[in-house]
Amino acid sequence: MTSIKTIRHKKNTSGYAMLELLFYISLFVFLSVVVVNSMITMTRALKETAIERDLAEGREIMEKISRAIRQAESINALSGSSLELNTKDESGADQTLKFSLLSSDIQFLANDILVGNLNSADIEITSLNFSQVVAQKSEAVRVALTVHSSEDASPRSADFYDTVVLRGGY
Amino acid sequence: MLIEVVVFSAIVALSVVAFTAVAQKSIYLSRQALRGAQAAFLLEEGAEVARLVRDEDWENIAGLDAETDYYPLFADNAWTLSVSPSVVGIFTRKVNTESVNRDPSNDDIAETGTPDPGTRLITVTVSWPEGETILSKTLSFYIMDIFI
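First to last, the sequence lines map onto chains A and B. Just so it is clear: in the first sequence, position 62 is 62 by this note's numbering, and no numbers are missing. Just so it is clear: in the second sequence, position 98 is 268 by this note's numbering, and no numbers are missing.
Because the hints were derived from the structure by calculation, they are not lab data. None of these values were measured; they are calculated from a predicted model. Where hints are given, some of them may not hold.
Claimed, not checked - Label-pair distances were calculated between CB atoms; the ranges are:
(1) Asp-278/B x Ala-121/A: 51 to 59 Å
(2) Ala-77/A x Ala-188/B: 30 to 38 Å
(3) Val-182/B x Ser-81/A: 33 to 41 Å
(4) Leu-243/B x Lys-137/A: 14 to 22 Å
(5) Tyr-198/B x Ala-121/A: 26 to 34 Å
(6) Ala-50/A x Asp-278/B: 46 to 54 Å
(7) Leu-102/A x Ile-181/B: 51 to 59 Å
(8) Ile-316/B x Asp-89/A: 41 to 49 Å
(9) Asp-273/B x Lys-137/A: 24 to 32 Å
(10) Arg-167/A x Ser-256/B: 22 to 30 Å
(11) Leu-243/B x Arg-167/A: 22 to 30 Å
Here a beta-carbon is modelled for each residue, glycine too, at the ideal position from N, C-alpha and C.
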């Protein structure tokens, strides 16, 4: 009888170990799924954040263009994606500032000399449009800018619009 | 042994959930920053439109109804304030006006006093959907008939 009890007891211990193993495996699988899923989410989040940060660069470009328009005295030339303004430099001397879309970059020229691109290599300018708005007592320029992140494989872009009255034109 | 595994698993799971929540919040915040920047330019444009409309003719401003929402409309290289609702992408922009009173004793703008026909309070509002909620930015300023 004793030997039978021992055998039964051994069988019970073996069954419990199997149950424990199953539990550990299930837990491992569950945790693996959660961790992998989380890694995918975090990778996507990092990429999304980088793309949104690139697109937000449009704000700085638009800020530079609108500041130049605001301080300008008159429009020298305007044609679609190119704008040339008559303004004055720090010493009060006449100068021209020009913004022009070339390929996917906005070139900034002072007195017809290239200063550089307004956008970094991280973004592409997919559209830049200038329109002249004339009122009885003033004139303004409407700017429509569309930017796209170079890191983004999708066609997603961000649009920025502004209209600025030439303060020097009053 | 079992209790250690359970505690360890709980710590790992909670950490992972916390990191995921932070990552998702970062997407939300960066998207909100971009939308905020776009909305700020639309607000500025709304203020410039009010200035342009004033520069065309003060009656364009003086004739606006205080109870009506106006929507800036760009057509044929000219800005007008239309009563027909319009949107710019996901953004809705409206312009409201209010009459302005001046204190007769010092000519300052006041809640009550003599109505000033040469000054109006302009409020530009840009709103956009962000998930389940509607976010908005507002800009208020006085505009005057400077070409008398």
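Hint-by-hint comparison with the structure:
no.: 1; hint: Asp-278/B x Ala-121/A: 51 to 59 Å; in the structure: 53 Å, holds
no.: 2; hint: Ala-77/A x Ala-188/B: 30 to 38 Å; in the structure: 56 Å, violated
no.: 3; hint: Val-182/B x Ser-81/A: 33 to 41 Å; in the structure: 54 Å, violated
no.: 4; hint: Leu-243/B x Lys-137/A: 14 to 22 Å; in the structure: 20 Å, holds
no.: 5; hint: Tyr-198/B x Ala-121/A: 26 to 34 Å; in the structure: 27 Å, holds
no.: 6; hint: Ala-50/A x Asp-278/B: 46 to 54 Å; in the structure: 51 Å, holds
no.: 7; hint: Leu-102/A x Ile-181/B: 51 to 59 Å; in the structure: 55 Å, holds
no.: 8; hint: Ile-316/B x Asp-89/A: 41 to 49 Å; in the structure: 28 Å, violated
no.: 9; hint: Asp-273/B x Lys-137/A: 24 to 32 Å; in the structure: 29 Å, holds
no.: 10; hint: Arg-167/A x Ser-256/B: 22 to 30 Å; in the structure: 27 Å, holds
no.: 11; hint: Leu-243/B x Arg-167/A: 22 to 30 Å; in the structure: 24 Å, holds
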